[in-house]
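Line by line, the protein sequences are chains P and R. For the first sequence, the numbering used here assigns the number 1 to the initial residue and increments by one for each residue that follows. For the second sequence, the numbering used here assigns the number 1001 to the initial residue and increments by one for each residue that follows.
If you are wondering where the hints come from, they were derived from the structure by calculation, not from laboratory data. Virtual Cβ for every residue (Gly too), placed ideally from N, Cα, C. Hints are supplied without guarantee of correctness; some may be wrong.
Capping the alpha-carbon separation at 25 Å, the derived lysine-lysine pairs in DSS-like fashion look like this [as the list claims (entries may be wrong)]:
(1) Lys-1140(R) <-> Lys-114(P)
(2) Lys-140(P) <-> Lys-1088(R)
(3) Lys-88(P) <-> Lys-1140(R)
(4) Lys-249(P) <-> Lys-1249(R)
(5) Lys-1009(R) <-> Lys-1097(R)
(6) Lys-222(P) <-> Lys-1249(R)
(7) Lys-88(P) <-> Lys-1097(R)
(8) Lys-97(P) <-> Lys-1088(R)
(9) Lys-97(P) <-> Lys-1009(R)
(10) Lys-126(P) <-> Lys-97(P)
(11) Lys-140(P) <-> Lys-1114(R)
(12) Lys-1222(R) <-> Lys-249(P)
(13) Lys-126(P) <-> Lys-140(P)
Derived coverage of chain R by chain P (criterion: at least 3 residues anywhere in the stretch with Cβ under 8 Å from a Cβ of chain P; other residues may be distant) [stated by the list, open to error]:
(14) 1147-1155
(15) 1226-1232
There are 2 protein chains.
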Amino acid sequence: MRPRFYAPKANISGENIVLPDYEGRHLSQVLRLTSGAEVALFDGNGHEFSGVVQDVTGSSVVVRIGSQCLPPALEPGLAITLASAVLKSRSMDNVVKYATLFGVSTIQPVVSMKSDVSLPALQQGKRMERWKRIAVSAAKQCGGAVVPSILPPCSFNELSESLVEVLYSGSPQLMLVEPSSSRGCLSISELEQPENREAALIIGPEGGWATEEVERGSTIFKLVTLGSRTFRAEVAPLVALASLFTAWKEF
Amino acid sequence: MRPRFYAPKANISGENIVLPDYEGRHLSQVLRLTSGAEVALFDGNGHEFSGVVQDVTGSSVVVRIGSQCLPPALEPGLAITLASAVLKSRSMDNVVKYATLFGVSTIQPVVSMKSDVSLPALQQGKRMERWKRIAVSAAKQCGGAVVPSILPPCSFNELSESLVEVLYSGSPQLMLVEPSSSRGCLSISELEQPENREAALIIGPEGGWATEEVERGSTIFKLVTLGSRTFRAEVAPLVALASLFTAWKEF
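Produce the complete structure using the sequences and hints provided.
Dropping the structure here:
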């Protein structure tokens, strides 16, 4: 199999493009490929092309785009926005990785009342860059041709507005809560399939949502649970996505 | 909340019992409890009692069993046997931990053709003891009152016989395969609910099943997939259990 590289600008056969720096470095320094090497390029939006390396100068790598091929892995017919509270370092890395394996279209990091990190600290740090690299690398690993967009972090209160921008109105916006935190919440397995195959899933931090957040959330989002069970924050997104994909026949 | 301890022999109020050594050590050396301390005891089969420490001598701890209480977390109405190929060290630890959070009733470690470890090496080593401790600790963490039985490792060929001992005949025995590995396999979301709420789920190692194993498996087990997706061995059990719990309305 040809080595695959993420090339967000790959879209016209016959054109030359420059790979992103970290992909160029991987090609030249890790895999030690040189001019003439045959590669595959995916644009992160579901398109994949063959390609031939034209020039390697340090980490600057030029590739000629060849013919378009079918992406090797099916992408979901569901467009999911995962709005996840920012977890501690490795846990959040895993959330980004696993969400990419599921093929979610957008990841919205959220700072909630019980999050371990503040919004200004997050905006100054390099975590956004790190998550983007992790998403690219997970898409390469699983053979997927979609890399989720990672939106700039927002607070829980800003969340509903940012979701309106991302989703058509009428798409389900599901907030995962503990079964004890509110009456009248549905189990994910009881959800009806959305008409336009699009939804947002909102998941809390290690310490769970604050009472005020569940109250506010209940006026905007549909509260859902994983039956009577509570899962650790690190695996909750994975379990909830698997449950949603099953309920909506994506598995 | 009272600190909880695993006491497999706890069953009659008013009796004195000795905690297992590692639980006694945790009580005396980590939590530094002494005579008179109020604790909770769970027997791993769904029963929970209050208790009062009577005597602490090193790691030997005697507790008087008090009244029976309702277990704090609901246990599944599904009895699942998870037969998982033995994965590399930390990955297998995670499989045991997450299976316990789901409340599976039995874990059957399996050595398959592409497993990294041999059956004799596994039988001599201390991994069984380690997995049992991990299961107890995961049950304590999630507030569950059931600790899955961990059966002695067996080879893939011995698997069908060992499952017959564990399950009633007629219970579904599901082998998770890659969608490309066999025609005519069902997606988990298409499965009908089992009449007696009991099933086995059989999951392969890092390198997947060998072709011979899928062939042999297809004559004994029902082959299932997670739609068109392949998940890494470490998370496949978690995703498959979440999918099964949703399809069978346990979530």
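A quick look at each hint next to the structure:
no.	hint	result
1	Lys-1140(R) <-> Lys-114(P)	holds, 24 Å
2	Lys-140(P) <-> Lys-1088(R)	holds, 23 Å
3	Lys-88(P) <-> Lys-1140(R)	holds, 23 Å
4	Lys-249(P) <-> Lys-1249(R)	holds, 14 Å
5	Lys-1009(R) <-> Lys-1097(R)	holds, 22 Å
6	Lys-222(P) <-> Lys-1249(R)	holds, 19 Å
7	Lys-88(P) <-> Lys-1097(R)	holds, 20 Å
8	Lys-97(P) <-> Lys-1088(R)	holds, 20 Å
9	Lys-97(P) <-> Lys-1009(R)	violated, 42 Å
10	Lys-126(P) <-> Lys-97(P)	holds, 17 Å
11	Lys-140(P) <-> Lys-1114(R)	holds, 24 Å
12	Lys-1222(R) <-> Lys-249(P)	holds, 19 Å
13	Lys-126(P) <-> Lys-140(P)	holds, 22 Å
14	1147-1155	violated (count 0)
15	1226-1232	holds (count 7)
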